[in-house]
Amino acid sequence: MATGTDQVVGLGLVAISLIIFTYYTAWVILLPFIDSQHVIHKYFLPRAYAVAIPLAAGLLLLLFVGVFITSVMLKNQKVTKKAQ
Amino acid sequence: MTKLAQWLWGLALLGSTWAALTMGALGLELPSSCREVLWPLPAYLLVSAGCYALGTVGYRVATLHDCEDAARELQSQIQEARADLARRGMRF
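As given, the protein sequences belong to chains A and B, one line each in that order.
In terms of this note's numbering, the first sequence is residues 1 to 84.
In terms of this note's numbering, the second sequence is residues 101 to 192.
Only chain A is shown next, with the shape it has when bound in the complex:
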């Protein structure tokens, strides 16, 4: 079996993905069919956030990827300039 930290990290990722999936499924798929007076609606944000939050997260991810690529490219440029 994979060693200590690997197992913890791996199972942590699985747990996070399951939590996000179940919460999001309940939010998007199940909530519209539950009576609007039910107490469970207190645990979920207004429906517009169900699209806004993943969209913002996706844009943030793209931003990080772009910044990472830019920094690696700049570092490479500096190395080749020094070598010349």
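In case anyone wonders, no lab produced these hints; they're calculated from the structure.
Note that the structure is predicted; figures quoted are calculated from it, not measured.
Just so you know, not all the hints are guaranteed correct.
[What the hints assert, rightly or not] Now the stretches of chain B that chain A is said to cover, found in silico as 3 or more residues with beta-carbon under 8 Å:
no., stretch
1, 140 to 146
2, 161 to 172
[Claimed, not checked] Label pairs and their calculated CB-CB ranges:
no., chain 1, residue 1, chain 2, residue 2, range
3, B, 145, A, 70, 26 to 34 Å
4, A, 79, B, 106, 38 to 46 Å
5, B, 146, A, 6, 25 to 33 Å
Positions of the beta carbon are idealized from the N, C-alpha and C atoms, including for glycine.
Got chain A sorted already, so can you dock chain B onto it with the hints?
Here is chain B on its own, set in the frame of chain A:
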């Protein structure tokens, strides 16, 4: 048809179906709860795909086996290669 063309075709088909249903262009009177489920559907599918990817990566990280024998063999091969190259004059 290339794979890319197939994917784009499928996406275009599903996308146009979703758009037609969401904007009521087909003249169907869907119940309001169905409409509430329908309009975030693309975001939902993307998030589920992301969760599936994350979960699969995490599971494979947790269950990847160590191969002791292969590791030892690889290390000895590395030593051999270093000795050989050093003999031929390459500096590390």
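Hint check:
no., hint, in the structure
1, 140 to 146, "holds (count 5)"
2, 161 to 172, "holds (count 6)"
3, B:145 to A:70: 26 to 34 Å, "holds, 30 Å"
4, A:79 to B:106: 38 to 46 Å, "holds, 42 Å"
5, B:146 to A:6: 25 to 33 Å, "holds, 28 Å"
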